[in-house]
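There are 2 protein chains.
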Amino acid sequence: MKFSTSTFVALALLPLAVISAKVNPLPAPRSLDWLDTTAIAIDLDRLHLELANYNEIVHNAFDRSLNTVKSLKWTPAAVEAPISKYQPFPTGLAKRDTNASIETIKVSINDAAADLQFGVNETYTMAVSSGGIEIVSETIWGTLHAFSTLQQLIIYEEGAFQIEGSVKIWDAPLYPHRGILIDSGRNFLSLKLILQQIDMLALSKLNVLHWHIEDSQSWPIQLQSYPQMVKDAYSEREQYSAQDISYVVEYAKQRGVRVMPEIDMPGHSRAGWKQISEDLLACQDSWWSNDVWSEHTAVEPPPGQLDVLNEDIYPIVANIYDELSKLFTENLFHVGADELQANCYNFSTILQDFFKANASRTMKDVSQRWLDRTLPIFYDKPERKLVMWEDILTTPEGAHNVSKDIILQSWNNGIKNIDLLTGLGYDVIVSSSDHLYLDCGYGGWVTNDIRYVDDNSGTNEVFNTGLGGSWCAPYKTWQRIYDYDFTANLTDTQKGHILGAEAALWSEQVDDTVLSSKIWPRAAALAESVWSGNRDPTTGFLRTNQLTQRILNFREYLVALGYTPSPLVPKFCLQNPHGCDLYYNQTVMDQFGTN
Amino acid sequence: MKFSTSTFVALALLPLAVISAKVNPLPAPRSLDWLDTTAIAIDLDRLHLELANYNEIVHNAFDRSLNTVKSLKWTPAAVEAPISKYQPFPTGLAKRDTNASIETIKVSINDAAADLQFGVNETYTMAVSSGGIEIVSETIWGTLHAFSTLQQLIIYEEGAFQIEGSVKIWDAPLYPHRGILIDSGRNFLSLKLILQQIDMLALSKLNVLHWHIEDSQSWPIQLQSYPQMVKDAYSEREQYSAQDISYVVEYAKQRGVRVMPEIDMPGHSRAGWKQISEDLLACQDSWWSNDVWSEHTAVEPPPGQLDVLNEDIYPIVANIYDELSKLFTENLFHVGADELQANCYNFSTILQDFFKANASRTMKDVSQRWLDRTLPIFYDKPERKLVMWEDILTTPEGAHNVSKDIILQSWNNGIKNIDLLTGLGYDVIVSSSDHLYLDCGYGGWVTNDIRYVDDNSGTNEVFNTGLGGSWCAPYKTWQRIYDYDFTANLTDTQKGHILGAEAALWSEQVDDTVLSSKIWPRAAALAESVWSGNRDPTTGFLRTNQLTQRILNFREYLVALGYTPSPLVPKFCLQNPHGCDLYYNQTVMDQFGTN
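Residue numbers (this note's numbering), protein chains in the order written: chain U, 1 to 595; chain Y, 1 to 595.
Don't read these hints as lab results, they were simulated from the structure. Any given hint could be a false lead.
[Unchecked claim] With a straight-line Cα cutoff of 30 Å, these simulated DSSO-like cross-link-like pairs (lysine-lysine) come out: (1) K231/U <-> K73/Y; (2) K73/U <-> K192/Y; (3) K73/U <-> K22/U.
Isolated chain U (complex conformation) (with noise of 0.2 Å):
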């Protein structure tokens, strides 16, 4: 499903054009030329769009980018220079043509019905001379990323808003699938926040907001079939109600963002099903027993999971499926099935019985139930794709069979499981835990936690010069999530596979005052990755170093639009090019040959 191959190799035999000028978008263009640097002034008063058929979407997309654009005043905050702080850096801004002035933008849709569904074609070509602004495009989606582009191009500087010269852009994504992953399950996520990540999202290209809407710990959803499982949100504040999730599904298409809800079942299940029936649930009240490890009952507090082998509870896994199947436009449906506990079920008595009559039975008959049986309300209409966790196939607690229509989501073992399961021909999204869990390295969040005593003895030290507690340390920096080579050693026909990647931020220590500032800038690196790689077309070489001032800048903007990334250094670094470099020797990353 990589997109475009062939294209990605014709182009990259194109001589690179020559980096000169301020202006570093990100992601970076898969083919950006400048023609010239002579800067070309944009009147932005007088811009308008030239579009043959009025579209409310690609309309509003674009007042969006002129206001953003009006309003921010850009100039960079870190530009590209070479690391000798003698040698003058060529700035690229030389003269503007005072006489040019940019009023026009002319977009050209192909397809302008295209559904924003995965798969979607997001190419856009741009061309922008003194005679104005073309934008060519398939379909809208390719429209608004040329609108990210263009915002990203515009600064102003001496006083005038300008374009650093003409200059060719044809870009494409390199894989369809590009997201992060939010959790308002363990910790409520306000729709502000929401709505935040969806505008970075579209800033940097990704396309996809994968929801985990509710966890065993806590259910914000209002529904209608079973208005009592609200009763399990944090507080009536912390409720989404179905108003809320079709403006949140309905601002994000305007954006070019789908939004890929998740019911984790039949793991991870309490909140909210508890209030519908104990009798759905099992081992719901029980400690959940990491103290003593032959009893423990769940992943972590609370326990919880759906009592599969309980006919009951399929009717009202359907009534509900039903309900936020028909809120969500989105083709793709995440249904969880991650981490079964196989203790949980000694807590219930039709699956002990189950065991019982036939000792042959395992978790995976267990789990082939669940899929028997769900598998039928799930697939709901004929575009439907279903996306779960790699533990159905993976685990001991996973199904016999398991069907290669289901896209199955890798967060175990990197490299290696997104090589055996693309093997066995599965279609994955990657967010490997070791390169792209945002929420690693901030230690343990359990309480009355021996493990963080320290004796003074200097042996008791594993919780502080270790891994600290958290399961997935150490942090995931920007640099370690872009250099992953999620398809080294892959075959063509497995990499075929690969639909995409996401970035996950899992909410334990998560809401909304820490939400943006884990999540970005660091998704910005994984969101360039998944659109023109992490290595030099031509060269192949990763361009990690390319991307530094890059996603200093991006950061930069982020922060002027009023969001909260992180900053990732001194803000010495983004004013001195390459000055926090660890190595003098610029192309020290070569020695990792190319992929």
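Fit chain Y to the given chain U structure using the hints.
What follows is chain Y alone, placed relative to chain U:
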């Protein structure tokens, strides 16, 4: 310098108060006894302060507390309860005595003129009964702490403000120096965010803002003596005027918080100084050279140290110090003295000549020269106390003779260095990086760093499965911070040399966007440790488990006030006391014995 040890021991022998109220002020007072739990209404519209003599600071503090209580209408977000989910917990809020309504707060202050300086008496007692509230303190600074407690005692329930019952509190800090370190040199911190830190310090009874105001990366201070220095601020916006600094100092004083400035010399010196003359510095334009270790000139970019042997620097140091000394009213002044790099002085002709002239000379002679020349400058008033990083004594680059008058701030080797320094008779501020550095665990921030490349061989995983490039990884959790027994195994004489502790947040990866979330609520764990201790006063056992609901509630309180402290756990853990404990056994920590 540990306060009131004898009083503390005496009180520890008294019967423990039965914890039966929902409120759980942080830090836990030294002594708090509920006399009954018939809730007492408080008429906030009629509530007034009785104080013998009008005192602006006390009246303002009272108004702030009162307004906070009125506007927040706080009900505890996390309340303590036994771990069992079946046994209902007596909540303490029994029938409210509708006849009683508190209208008066009587405050007695013995010495209202006592200045806010190191060691000032901060003790208070408070008695709440239906007859009113009585606060007695030696100084107004004790009164301010009483108000911080009081506003956490008053809750809003059943449509009325109330205190859960009659209560008596005696309270006093264990240590006179209790603070956080912020760093506006690596990245700028706005006045707004600095003031917010002061608000939260006051609420948690911390009393020191250690302001590491500049560093080699930037000099944000506008000085009259050398106005050119501020050219090395990051921008015109990112500067502090004298007025700004005075405003911070006065704002802090109003809240019982001392502002201790730090100008880091002679290492960590570049920005600002080089605007006066490049000759004041050594190696400021060198490559920092971590990639060629034999040539490295700094622990982080950019390099730069004052050229200690250049006599021209001392009149300039004197002028700068003099101007700053007048801006900060605090007796303690921190003058750095950490991380001097011998290699840097390879770039100084004067220093190379100095070494060549006598082969027995070492860096110790250089540091001694610095002390000998600067101490007469720095001791500019009788009350002056100097603080330096322990490096001046403990490293090979340190001085030969370090006066016992100099307070040493310890950041290396945890308890070992505390033992060493106090054993030698130095007064110590504890900031052990392995427990109290809040910036640890976020990975490395230097760029062009090949260590993040994972070649998928499984062997180059050190930055993923290891510490992730953060020199002081892992992240210090609130439990780790609270569990730190920094006086373990010390003699009473040594304990007497501990002035207190500071949690430090260095700003390489910090600016306004994350300042509060990286400091809070973790600093509140230290706040309790240095105010009333991390161990149960009766049993001597670590009371981390008791702090859990207290700090979770305190974090929600800060959120309600509009700050952005990080969430520590899923909200489920607030709503289900001890439901997220690792050990069901509520006394599992007792195995670690008494300190």
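Each hint, compared with the structure:
1. K231/U <-> K73/Y: OK: K231/U and K73/Y at ~23 Å, within 30 Å.
2. K73/U <-> K192/Y: holds (24 Å)
3. K73/U <-> K22/U: Holds. K73/U to K22/U sits at ~15 Å (cutoff 30 Å).
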